[in-house]
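Trainee: Here's the letter readout for the chains.
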Amino acid sequence: MTSLVELTDVSKNYGTVRALEGVSLEVRSGEITCVLGDNGAGKSTLIKIVAGLHRHDGGTLRIEGEETTLSSPREALDRGIATVYQDLAVVPLMPVWRNFFLGSEPRRGAGPFKRLDIDLMRRTTREALLRMGIDLRDVDQPIGTLSGGERQCVAIARAVHFGAKVLILDEPTAALGVKQSGVVLKYVAAARDEGLGVVLITHNPHHAYLVGDRFVLLRRGTMVGNHTRDGITLDELTQQMAGGSDLDALRHELERG
Amino acid sequence: MTATLDRAADDRLLPGSPLRKLLARPELGSVVGALAVFVFFAVAADGFLRAASLSTVLYASSTIGIMAVPVALLMIGGEFDLSAGVLVTSSALVSSMSSYQMTANTWVGVGVSLLVTLAIGAFNGFMLTRTRLPSFIITLGTFLMLTGMNLGLTKLIDDTVSTKSIADMEGFPSAHAVFASTLTVGGVGFKVTILWWLGLVALASWILMRTRAGNWIFAVGGNQDAARAVGVPVTGTKIGLYMGVALGAWISGQHLLFSFDAVQSGEGVGNELIYIIAAVIGGCLITGGYGSAVGSAVGALLFGMTSKGIVFAEWNPDWFKFFLGAMLLLATLLNAWVRKRAEADK
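If you're matching them up, the sequences are chains A and B in order. The numbers in this note's numbering rise by one with no breaks, and the one at position 74 of the first sequence is 74. The numbers in this note's numbering rise by one with no breaks, and the one at position 5 of the second sequence is 5.
Hints in this document: simulated from the structure, not taken from any laboratory. It is possible that some hints are incorrect.
As the list claims (entries may be wrong) - Covered stretches of chain B (in silico footprint by chain A; criterion: 3 or more residues with CB under 8 Å from a CB of chain A, positions within the stretch not fixed): (1) 217-224; (2) 227-237.
To be verified - 20 Å max Cα-Cα, derived SDA-like pairs, lysine to any residue: (3) 165/A x 61/A; (4) 165/A x 3/A; (5) 114/A x 236/B; (6) 321/B x 40/B; (7) 114/A x 104/A; (8) 165/A x 131/A; (9) 114/A x 210/B; (10) 164/B x 261/B; (11) 114/A x 202/B; (12) 114/A x 40/B; (13) 155/B x 264/B; (14) 114/A x 199/B; (15) 114/A x 155/B; (16) 164/B x 111/B; (17) 164/B x 176/B; (18) 165/A x 230/B; (19) 186/A x 133/A; (20) 155/B x 170/B; (21) 165/A x 231/B; (22) 114/A x 205/B; (23) 114/A x 312/B; (24) 186/A x 148/A; (25) 164/B x 102/B; (26) 155/B x 103/B; (27) 114/A x 208/B; (28) 114/A x 311/B; (29) 114/A x 145/B; (30) 114/A x 233/B; (31) 179/A x 119/A; (32) 186/A x 30/A; (33) 114/A x 209/B; (34) 321/B x 311/B; (35) 114/A x 206/B; (36) 165/A x 234/A; (37) 186/A x 114/A; (38) 114/A x 240/B.
All C-beta atoms, glycine included, are put in the ideal place defined by N, C-alpha and C.
So here's chain B without its partners, still in its complex pose (with noise of 0.2 Å):
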């Protein structure tokens, strides 16, 4: 409230500074891509504005997104995780299966799934703070070692690449529920990510903005020596910081299981990357110190729009790629465009 005051006191500020505000959100770049992308399938695929579309638009976007929000908390902590994809794979067959050797109920195979999601997390987090090697290096090396346990552990224990059925388990229905159900609004049915997916996002954008550790999460992206010249505990930020991704790669683990009632094990490849791409369309410097958790649901949701409008438009799939390589190109430009003509101001 002072603030504003003083602010509106101050008449070296001139008017017009809202605007030039705005320009500086990291968001705006792929808020008016996704706009435009949003118009152009809008009149390029018949039904893309039906409800039922824009419901699985929201899905795809929703599966990505919940990895999207911890994977740019990272980034703006100034790291990489290519860990992410596999580890849902990872994190979901430890659920199914754990469930399924005690013959225990589903809610069980869940919680331990938990626990060892989070301390290959942790294990990230601990092995880049301690041998100060750059997290490409060292997550390149656990997304290699996981996806060799996913398909070798399964094989040695189911004896094919994907998990035995659990959907006759105690705690089936209700795991379902949780993770993977179906919510019906005005006749049209939404996945229940979708609501994981807004509320991670909510959660995020408050640790961000108004708590000490997104202080520090900017910090230590942004400077980390003179953080830690201050006193900002970063090696206890950036462990934290890789549990968030597990903790995101736990719940979309186990929406994969609970969707169906198995998982293939040689999933997720591929899918960090993604993640990170829709990261750095929400506006996420990808060298870390400067990015929001909303720009990361905006890249999103421009993933979702782009997979599901050329399927509307009944394109080739193919030019899937082709749509996201230009677009991770032409956020990033205009990204940088934007901050520059914006600082450029002051």
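Chain A on its own, in the form it takes in the complex (with noise of 0.2 Å):
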């Protein structure tokens, strides 16, 4: 089976300065690759290439065994490649079937009586949300009334409805508890479940091996780490992340007495 998104050996300059340096990853349909880091890692800068935000100045990308360069968004979404990023892109007081087909909705009617398919757009929202196990009492409601992990699942099932094959997630647990996280993955492996090859950035190694295949780690740039879900256990995957050596240090630092 090939790939859908594949990153061999990946660098990335701004200017001088090296944000990323020899970073390999690969996404297969129905898997997730997880992608972690800590603050500065270079994990935005990677997600950013596959997203068509930048262009990367080394190595190989490969989308669905194709080499090839992202220019812009717009070419990364008609290669079915969706993003979903932290400071979600909704639209807060427009009602959530509003939002869900903002920038493409569907109309009927001709000439000057051409108008939105409102039956449509709810009954599509409602299913499409449903499919994704989400049950929202209302879709009616103003998107911003809801919590910060229902909003992420919209987003979610409104890439997956739109076909995307692979679906990038920034952090989308960061801001929230720890029950709406579990929420989100819930979903996250959902999309999973309907054959998406799903990105997901985290500095969250539990949340990580929940739900992750593969595991690509980052520290100031390079890659550190990338392996399978039977080549890790949890424990080696929170130390590597944590810095290793480095969390002995601190631990030393902050003894006490």
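Two chains, two frames, some hints: make the complex.
Mentor: The following block contains the structure:
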């Protein structure tokens, strides 16, 4: 099976700053690839390359086996790569169903009477959310009244509905409580079960290990680990993520007495 | 249909929800206010309830309302237009002077005026989207330039501050009929502007609630970056909204001209605030993304009732401005409170 997205030895410089160096990543259909790293490790740069916001300077980017560079988010979208950003792209005061279809509204009628197919929009929103296991009380409520986790879920359902093959999630659980995070991870798994390839960016190894199939660890712009699930345990992942010896040094430093 | 069934079947939506839906409407505050003002003047002012008085009130409301509708749409789209007031005068001046100078049918002037006014609206929108400066600055600039041009060009061409009469020119009667006639219903005369006003409210409501453009207007006002990210043409939507204001200014301008037969070039200054206030009283959120066309109509009606009610009550009209300010504050507070209640109950 070819990978949906494959990065090999990719690097990226901002001027003289080396933001990313020799990073490899593979995204397969029905699998979740987790990208882990502390703040400033290069996670954002990595997803911006896959999302079409930045071009990579070295290495190769393959989409469904074909080597390419992405020049715009639109191009990435057209090739089936959808990104759900941390600061969610929704309009808070608009109803859920209007947000769901924003920019791709279905219409019926002809000429000056061409109008939104509101019944279809409401029904489809409900169904698409239900299919992902999201049971919303009322698709007419402003999306701003939903919790952060629910909004993430709507954004994920939206990407799935509009035919994304690869879903990139930027820190979907960062601002959420324990329970909300669990809910979001459930929908991430649901997206995987729909056959999407998922890239999950996080700095929480526990969340990553719950759903992940592959783990890419970044530190200060370089890849310090690339494992499949059976190649690493949660403890090892946590240890590597925290920077192993760094953590020991910290413990020593903070020791009382 | 299916949506209603779905919702009825969902037992987590508590009964009493229709009331909450009503409370969540953007117009609610203005409707309550309008009823209060109506009752107040019905009691305080003799003759306020006579059909002829109500016709006067509706006429006053309609002249504000025709502009308040597109200004409300623009505000929902997240922008202001401070040039809206003088643009009405500009539109009337262009119409009058171009027919007079060309000695043409007045309808030629009306057509030229439409093109020029729409071009000024497009200019506002283009400058805004190009420079990304706040609309306050851009349209303040247009406001000042138009104010100067209205006076300057009129003096240059006609040597006075008002245009020459076009009453004896060809096409005047028919244009007068379209823009400024009085229709008699049951012995009471109603100005045709009331029909223009109602038509615009209906059209704007249709656009807002039922079309893709309406979805885009809410989106560019509510979260411009999110809208752009999902492929909404932000630039086009904003330019379109400014051209909508220009269309309203054209209708108002032609009414101004054909009600009489000449235009005073200094008119219109200050009206832009009245349109904005009507929209805000009608429930438009000043930061964009929320509001309705019907609300702006109720806001305009509040204006009409207050300005004429004070006259019928034989009070000093100086108090009008005081009433206006108090109403604006009250309506805004009520709107904020109602919306908070409605959203907290979810």
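Trainee: Which hint numbers does the structure go against, in order from smallest to largest?
Mentor: 12, 15, 20, 23, 28, 29, 31, 36, 37
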